[in-house]
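Enquirer: Construct the entire structure; sequences and hints are all you get.
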Amino acid sequence: MKKTLTILGFLAVFPAGAALADDDCFVPMANWQPRDAVALLAEENGWTVRRIKIDDGCYEIDGRDAEGRRIEVTVHPATLEVIEYEYEDEDDDGRRDRNRTREGGDDD
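Numbered per mature numbering (1 follows the signal peptide of the UniProt record, and there is no 0), the sequence shown spans residues -21 to -1, 1 to 87.
Treat each hint with caution, since some may be false.
Quick list of the computed label-pair ranges, beta carbon to beta carbon [as the list claims (entries may be wrong)]:
1. A9 <-> A45: 27 to 37 Å
2. P13 <-> E63: 14 to 24 Å
3. D35 <-> D15: 13 to 23 Å
4. K32 <-> A9: 12 to 22 Å
5. R30 <-> A57: 17 to 27 Å
6. D15 <-> G36: 12 to 22 Å
Calculated from the structure, these hints are not laboratory results. Glycine included, C-beta positions come from ideal geometry on N, C-alpha and C.
Expert: Right, here's the structure in full:
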């Protein structure tokens, strides 16, 4: 019985871990756009950048959007496609998550 519960617990957690791995960007550094291009992307979208960092192989922009909300934006390093956009809505003190998924396969 204990063994069965352990296996079921592992299987319940395993798919979630596989889904989280999809947020990673696997791109050789030679194919990355420069950090200045990421800053320009932020400027074009009206975002104020506090920090641009690398997380899980992707660019991550921390800052504020045009409405003044705190944002965290994950950007593909080669294409500069927005992979994930999170903002903090101060009305309900929660984080909103607007995910954008890549079209096609994982050939990055």
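Enquirer: Determine for every hint whether it applies to the structure shown.
Expert: Results of checking the hints against the structure:
Hint check: A9 to A45, Cβ distance near 34 Å, so the stated range 27 to 37 Å holds. Against the hinted window of 14 to 24 Å, the Cβ-Cβ separation of P13 and E63 comes to about 21 Å, which satisfies the hint. Between D35 and D15 the CB atoms are about 21 Å apart, so this pair conforms to the stated range of 13 to 23 Å. The beta-carbon spacing between K32 and A9, approximately 20 Å, falls within the hinted interval of 12 to 22 Å.
Taken as a hint, the range 17 to 27 Å holds for the pair R30 and A57, whose Cβ atoms sit roughly 21 Å apart. Look at D15 against G36: about 19 Å separates their beta carbons, and that is inside 12 to 22 Å.
The structure shown violates none of the earlier numbered hints.
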